[in-house]
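Peer 1: Construct the complete structure from the given sequences, taking the supplied hints into account.
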Amino acid sequence: MSFDLTPTAQTPTTKPYIAFIVAACLILMVTMGIRQSLGLFVQPIVLNTGISIAVVSLAMAVGQVIWGFAQPIAGLLAERYGVRYVALLGLLCIGGGLLAVPLWHNATGVFATFGLLSAVGAGFASISLFIGAAVQMVPEQRTGFVSGMINAASSLGQFIFAPLVQFFLSMWTWTIAAASLGVIALASLPLLYWVTGKAVQSETVSPVCCGVAVPAEKVGFRHAWSSRNYRLLHLGFFTCGFHIAFLVTHLPGAVSMCGLPTTVASTALAVIGIANVIGSLLVGKICEKVAMQKVLGSLYLIRVFAVMFYVFAPKTELTWYLFAGLLGVTWLATVPPTAGLVGGMFGLRNISTLFGLTMLSHQIGAFLGAWLGGLAVQYTHSFDWMWWADAGLALIAAVASFAIVPQQKIKMQNIIS
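Here the sequence shown is numbered in the working numbering, starting from 941 and rising by one per residue.
It should be emphasised that the hints constitute simulated quantities derived from the structure, not laboratory data. Treat the numbers as computed from the prediction; the structure is a model and nothing was measured. One or more hints might be untrue.
[As the list claims (entries may be wrong)] Restraint ranges, calculated between C-beta atoms of paired labels, are given here:
(1) Val-1339 - Gly-1199: 34 to 42 Å
(2) Met-1248 - Arg-1168: 28 to 36 Å
(3) Thr-1259 - Gly-990: 26 to 34 Å
(4) Leu-1129 - Arg-1171: 36 to 44 Å
Ideal Cβ positions, reconstructed from N, Cα and C, are used throughout, including at glycine.
Peer 2: Okay, structure coming up:
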């Protein structure tokens, strides 16, 4: 099978976008499922290689920030070469990186495979890439439904891959388990046949920066950053990244410290994934009736409550599953309102790049969440202070989100939900 990497035009009234959406959802189930399950490798790497948890956490943290840097780059490349080309590079990187693990599993190899190649791959075949393409491709009245599907597919991937990775780890060595994920990533390459190039929907929003209308085609980071609302979105998403990366990387270790079996960690991650499918769909409907900044702030407040519940509750399996369910409702549900606010401020054509830049802030926070969690264990033998930091940052994110003031009246549900 050969892939035509030339961008192709497509009008919103044609039906091939349906095949694009299905293919995008399946690809994201693989890339996000793998990405959100890598924390299950932390303990096996530490136990089998002698590499300290601080070093492994740093490698995972580097992967978080590289994943963030990759996404705006992917958006720019997609604008020039098409989504198919960028997604192809992403799948090759994540697949090749994980296939190299059995051959290169010292500290340098962990940084190169988990911290660099798989991170670049997941960043190039990411949710921001496909949401940015989808909202330009589908009819205006379908953007909310389609973006909700894409977001839910990402969460469904975590639900599938968390127990699958745990099964691989129980059957084989951690290196073979990682390579098996690489095979799955490469096996999804044929899906690119249905991933078309670029398609542009007519612009329905006049972007506003600091109260001044800016033509959609000229909105870059400098113009966007001049908007107080956009800066507040970055602040909230920074704290969101800290929260998610800390949990994705260190939830298995926290479960182990409670004296519970490893299956509790993989089950908790799966619960997070399936709960977020429900949460994402609910948030999509709520965003049609409630201002998105209020929805976003409420999601962050739920996180504060969830973390406080865990801190004071007895550390049992039931506590972990209830905690995971509360977290799951908000997990990736922050993506639709954040992307929707970006689209409302700066127009649909700018979502891939400008939302990708908010994801960069998200991943800078993720770097700190993954890395500091490892340092906390190495030097205090506990995650206690990290839980309090996580709750405090979630509260900051809630305040920042509620502080966003709409600069123009927009039908948000027609942009993204």
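Peer 1: Each of the hints needs a verdict: does it hold here or not?
Peer 2: Each hint tested on the structure:
1. Val-1339 - Gly-1199: 34 to 42 Å: Because 36 Å falls inside the window, the suggested range holds.
2. Met-1248 - Arg-1168: 28 to 36 Å: holds (30 Å)
3. Thr-1259 - Gly-990: 26 to 34 Å: Between Thr-1259 and Gly-990, where Cβ atoms are some 32 Å apart, the hint holds.
4. Leu-1129 - Arg-1171: 36 to 44 Å: Taking Cβ atoms as reference, Leu-1129 and Arg-1171 lie about 39 Å apart, which means the hint holds.
Going down the numbered hints, you'll see the structure goes against none, and every one checks out.
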